[in-house]
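Given the sequences, and given the hints that come with them, work out the whole structure.
Number of protein chains: 2
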Amino acid sequence: MPQLDFRKPRLFVDASLSEGASVALDRDQANYLGNVLRLASGARILVFNGRDGEWQAEIAGRKRAESLTIEKQTREQDRLGDVTYVFALLKHARLDYLVQKAVEMGAARLQPVTTRYTQVSRVNIERMSANVIEAAEQCGILSLAAVAAPVPLERYLGERDPQRLLVFCDEAAEIADPLAALKDASADGKGIDVLIGPEGGFAEEERESLMRQPNALRLCLGPRILRADTAGVAALALVQAALGDWAGAG
Amino acid sequence: MPQLDFRKPRLFVDASLSEGASVALDRDQANYLGNVLRLASGARILVFNGRDGEWQAEIAGRKRAESLTIEKQTREQDRLGDVTYVFALLKHARLDYLVQKAVEMGAARLQPVTTRYTQVSRVNIERMSANVIEAAEQCGILSLAAVAAPVPLERYLGERDPQRLLVFCDEAAEIADPLAALKDASADGKGIDVLIGPEGGFAEEERESLMRQPNALRLCLGPRILRADTAGVAALALVQAALGDWAGAG
Chain S
4 MPQLDFRKPR
14 LFVDASLSEG
24 ASVALDRDQA
34 NYLGNVLRLA
44 SGARILVFNG
54 RDGEWQAEIA
64 GRKRAESLTI
74 EKQTREQDRL
84 GDVTYVFALL
94 KHARLDYLVQ
104 KAVEMGAARL
114 QPVTTRYTQV
124 SRVNIERMSA
134 NVIEAAEQCG
144 ILSLAAVAAP
154 VPLERYLGER
164 DPQRLLVFCD
174 EAAEIADPLA
184 ALKDASADGK
194 GIDVLIGPEG
204 GFAEEERESL
214 MRQPNALRLC
224 LGPRILRADT
234 AGVAALALVQ
244 AALGDWAGAG
Chain X
4 MPQLDFRKPR
14 LFVDASLSEG
24 ASVALDRDQA
34 NYLGNVLRLA
44 SGARILVFNG
54 RDGEWQAEIA
64 GRKRAESLTI
74 EKQTREQDRL
84 GDVTYVFALL
94 KHARLDYLVQ
104 KAVEMGAARL
114 QPVTTRYTQV
124 SRVNIERMSA
134 NVIEAAEQCG
144 ILSLAAVAAP
154 VPLERYLGER
164 DPQRLLVFCD
174 EAAEIADPLA
184 ALKDASADGK
194 GIDVLIGPEG
204 GFAEEERESL
214 MRQPNALRLC
224 LGPRILRADT
234 AGVAALALVQ
244 AALGDWAGAG
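Residue numbers (the working numbering), protein chains in the order written: chain S, 4 to 253; chain X, 4 to 253.
Everything labelled a hint here was simulated from the structure, so no lab data went into it. Predicted model only: the values in this text are computed from it and were never measured. Wrong hints could be hidden among the right ones.
Copies of one chain are not kept apart here, so a pair can be met inside one copy or by any two copies together.
Below, in silico cross-link-like pairs of lysine to any residue (SDA-like), each with a Cα-Cα straight-line distance of 20 Å or less [what the hints assert, rightly or not]: (1) Lys66 x Ala188; (2) Lys75 x Ser189; (3) Lys75 x Gly204; (4) Lys193 x Leu213; (5) Lys94 x Arg78; (6) Lys11 x Glu202; (7) Lys11 x Gly204; (8) Lys186 x Val26; (9) Lys186 x Asp248; (10) Lys11 x Thr121; (11) Lys11 x Ala206; (12) Lys186 x Asp99; (13) Lys186 x Ala250; (14) Lys94 x Phe9.
Structure representation (structure tokens):
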């Protein structure tokens, strides 16, 4: 486990980071550092941009925070494993939570889909991206998950790379050992898509379409019905532990 | 997977359930059925009490919901596996969430603990119990997790049954295959305690005390730091899949 410094606040900035560089703060960032965290000129924080690793930076400005002076690199840039989290849209508050959790669990790409029983069809991509950044800041993650625009499930299935492993969680699946199923599967370095359906379940024609997909693995997450965000964390935990970067390979 | 009826609302009642019995509704229940769900006399719902399985019931009352007439059993009572979820206290909103998620994941007992770095020391047990009931209602779970009063971590460790397997998640652990570690462990039917520490991590003397426990397994949940509620769902997923009732044995 990397020893992370959680005493210093961590801030995402959208600028190149290198020793001695100066990074201007936008109004939200200046407000957050000065008024929320009550940090003044001279205080030190950590910054990252998703590309250049993590850096220590000093807050500069006559009185309040106006810019950051980049001092030294504290961690090198890392990369996330090739895991795409595909999920049926949920309503606002629960979608926020779902996105944050998927980031913590190491998803590299978030792909919302609409299904027959999905009750939400529009999504605020900017809000999803803000949740990605917030989770990365809080959890010390240096790579930002990419956020894709929602597409209908059928289109996602029609356009996906058939060489990738598709793990889909289905509450109508027979109860069977999910770890044995994952062990028999293999991603072969082609990447993994983890799909969580809507809380109303998949429609029968969607299930048939999923089962026809090449490299598809239908997973049962135990004998109790899980809410979609819980199922997402549980499925990502099993996939990361069995095939991803939790096994020490990452 | 049992085919659950999610079209009908599901209500916890604290009364014995048998064919033909009449169960009075308290004011909150009557309000929920009548004003929130807008159900009138004659409508049918599902009820459970944690002991007698799930039953179909008809709402009775002159105009608004006053009582339930128990009609027929729809599912037999089941039992949860012997998994205790031990967790450092969190603040209100996140604690609500943590409790709901632990119930979904099939924990049979919830044991809050205070640790050196826990920032919360008091807890509203009634609120925790209400969250247990709400999660069970929503997810079709028929057994209610028991809620214990918080104790200091040291006392919990001093009084625990040493024959039970103690899985504790530690972000300071070396990255190592968590599934291999769980596979080598065995609960031998004595029950499993899953312990999630506070977000500040364990103090060094707490970690040493944990490592001295008999039947203790120190688990690493991957290379990223997880928030406590996420770590709980992830750890319970791995434990249920490797040793619990997700493998078809339950």
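Structure-based check of all given hints:
no.: 1; hint: Lys66 x Ala188; in the structure: neither (58 Å within a copy, 57 Å between copies)
no.: 2; hint: Lys75 x Ser189; in the structure: neither (40 Å within a copy, 46 Å between copies)
no.: 3; hint: Lys75 x Gly204; in the structure: neither (49 Å within a copy, 26 Å between copies)
no.: 4; hint: Lys193 x Leu213; in the structure: within (19 Å within a copy, 40 Å between copies)
no.: 5; hint: Lys94 x Arg78; in the structure: neither (36 Å within a copy, 31 Å between copies)
no.: 6; hint: Lys11 x Glu202; in the structure: between (39 Å within a copy, 15 Å between copies)
no.: 7; hint: Lys11 x Gly204; in the structure: between (43 Å within a copy, 16 Å between copies)
no.: 8; hint: Lys186 x Val26; in the structure: neither (47 Å within a copy, 49 Å between copies)
no.: 9; hint: Lys186 x Asp248; in the structure: both (14 Å within a copy, 18 Å between copies)
no.: 10; hint: Lys11 x Thr121; in the structure: between (41 Å within a copy, 19 Å between copies)
no.: 11; hint: Lys11 x Ala206; in the structure: between (48 Å within a copy, 19 Å between copies)
no.: 12; hint: Lys186 x Asp99; in the structure: neither (31 Å within a copy, 34 Å between copies)
no.: 13; hint: Lys186 x Ala250; in the structure: both (13 Å within a copy, 13 Å between copies)
no.: 14; hint: Lys94 x Phe9; in the structure: between (31 Å within a copy, 19 Å between copies)
Hint check: violations occur at hints 1, 2, 3, 5, 8 and 12; the rest are consistent with the structure.
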